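**Student:** Here is what each chain is made of, one letter per residue.
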Amino acid sequence: MLMQSSAIFSTKPAWAPTPRGVKSLYGTSSDDSNSMAATVPGPKWAQKTITLPPHHRGCHLVTSQILNQIRPDLSEFKCGLAHLFLQHTSASLTINENYDSDVRDDTETFLNKIVPEGRSAPWKHTLEGPDDMPAHIKSSMFGCALTIPITDGQLNMGTWQGIWLCEHRNAPTARRVVVTLNGIGI
Amino acid sequence: MLMQSSAIFSTKPAWAPTPRGVKSLYGTSSDDSNSMAATVPGPKWAQKTITLPPHHRGCHLVTSQILNQIRPDLSEFKCGLAHLFLQHTSASLTINENYDSDVRDDTETFLNKIVPEGRSAPWKHTLEGPDDMPAHIKSSMFGCALTIPITDGQLNMGTWQGIWLCEHRNAPTARRVVVTLNGIGI
Amino acid sequence: MLMQSSAIFSTKPAWAPTPRGVKSLYGTSSDDSNSMAATVPGPKWAQKTITLPPHHRGCHLVTSQILNQIRPDLSEFKCGLAHLFLQHTSASLTINENYDSDVRDDTETFLNKIVPEGRSAPWKHTLEGPDDMPAHIKSSMFGCALTIPITDGQLNMGTWQGIWLCEHRNAPTARRVVVTLNGIGI
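Protein sequences, first through last, are from chains A, B and C. FYI, the numbering for the first sequence is 1 to 186, going by the UniProt record's numbering. FYI, the numbering for the second sequence is 1 to 186, going by the UniProt record's numbering. FYI, the numbering for the third sequence is 1 to 186, going by the UniProt record's numbering.
If you are wondering where the hints come from, they were derived from the structure by calculation, not from laboratory data. These numbers come from a predicted model, not from an experiment. Among the hints, erroneous ones may be present.
Which copy? The list can't say, so a pair holds if one copy fits it or any two copies do.
Straight-line C-alpha distance at most 20 Å; calculated EDC-like pairs for lysine to aspartate or glutamate [stated by the list, open to error]:
hint	residue 1	residue 2
1	124	102
2	124	105
3	124	100
4	113	131
Can you build the whole structure from these sequences, using the hints too?
**Tutor:** Structure, rendered in structure tokens:
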């Protein structure tokens with residue numbers, strides 16, 4: 001959370017000899033937070049908007065892209081929850097297999113099979129192109145948000161789980177994700 | 001959270017000259033919370049059950065209906081998460097396009113197309129009417145809960161995002177939503 | 001959270017006469033937590049990995065199985081959120097009807113109808129068996145995580161809601177769920 005738009009909220013209790021109030025850190029260096037958190041772990045919040053670069057239509061494994069932008073903050077949580085919120089209505093976030101890219105291709109095949117597009121589709125909303133209304137439907141099918149447990153500074157996913165960005169539009173565009181971390185500091 | 005069933009939990013730290021414990025507020029005036037929170041922002045919880053009035057079968061934009069019932073509480077959070085939990089199994093909550101009502105109509109068309117209903121449907125569970133089993137399936141497809149980031153007292157959704165209530169039953173009925181707000185006070 | 005892998009994080013504020021820092025409890029007896037929480041309720045976290053025994057392919061009501069493994073911890077929260085995270089990509093968690101098992105059977109019928117399997121399926125990913133790729137798709141349709149409000153030490157679900165484990169593979173296997181509880185202590 002070292003970007004301008006980021007904020008770290010670390011709640012630190014009073015201790016002797018001088019009682020102190022909760023201290024909120026807005027975009028301060030995390031070094032200070034680290035050093036203090038080691039002594040007095042308390043409730044902590046961090047929030048940051050990250051950007052995923054444009055991806056072509058289909059399902060993409062983006063675990064590393066996301067971790068690379070939040071790892072320093074994530075590492076400060078002993079236990080908590082990471083919430084990822086995609087601010088768009090024509091793409092989605094889901095958790096699925098992280099190894100074989102065929103699984104992602106097959107999932108895209110499924111989505112296209114189940115949601116009609118083009119001449120055969122019954123949609124009224126067509127002004128933004130034939131891929132737009134199907135994109136909205138797919139977005140609600142898979143959802144735009146994920147909540148993942150944090151344990152010992154890491155996302156506590158299963159061995160084969162990864163975070164997918166599913167881009168449902170034909171034209172690749174950058175996608176914004178609001179990341180909110182909440183938990184107990186290390 | 002000024003209704004009888006509401007509760008605000010605001011954790012306030014000790015400060016000079018008298019150290020104080022965490023203070024829990026149950027249905028108290030939020031004025032007190034506001035004034036103190038400005039000085040000593042700390043972890044805060046608020047929980048309230050709101051009711052959405054009956055909606056006819058289909059997808060409905062309910063962002064304003066929800067905000068009107070939680071805005072005073074929401075405005076007290078600098079950073080956090082808002083959790084909305086629909087206490088029903090034949091309707092759903094989803095986030096999708098907030099502008100063109102055709103998108104909502106087309107989504108209802110899709111749901112009806114994908115989940116068979118009536119004579120052609122293979123369902124065993126038919127005692128509650130032909131629309132009941134399809135409603136349960138649609139409820140799990142879109143889900144009954146949303147988690148949305150809070151930033152500076154507002155839901156931090158994308159420009160085109162809104163909250164939809166999807167009513168899957170033919171008979172409109174009021175729907176309960178448990179709203180839980182959690183974060184750092186302003 | 002009395003298992004070896006569990007942890008309770010209870011934030012307790014300073015109070016007279018001696019200001020104290022936040023206290024983190026790692027796998028300690030919950031008795032201590034209970035007695036203190038009654039006096040000074042504060043932000044609290046608990047996290048635990050539980051195991052659901054093997055279930056045959058289909059949808060299963062597992063509310064009791066889960067509650068039996070988290071009830072003592074859950075009962076310590078006055079207000080909060082329970083997060084359940086299935087660490088697998090070929091099963092799912094959803095909330096749906098808790099009474100008539102026909103609803104679960106019909107939902108399984110729907111999933112099998114909508115996701116092709118076997119000779120008629122277009123999947124590239126077939127090495128792990130004909131049921132594997134359909135299982136991945138179903139997992140993203142229903143999702144692998146749930147967030148449920150906690151009120152007065154209990155999951156605040158609707159009268160007819162229950163937690164379902166949907167097993168999408170033919171071979172039953174035990175499934176791990178990371179449970180994270182967060183809220184204000186009783």
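**Student:** All the hints need checking, so say for each whether the structure fits it.
**Tutor:** Hints, one by one, checked against the model:
no.: 1; hint: 124 <-> 102; verdict: between (33 Å within a copy, 6 Å between copies)
no.: 2; hint: 124 <-> 105; verdict: between (28 Å within a copy, 8 Å between copies)
no.: 3; hint: 124 <-> 100; verdict: between (37 Å within a copy, 10 Å between copies)
no.: 4; hint: 113 <-> 131; verdict: both (13 Å within a copy, 18 Å between copies)
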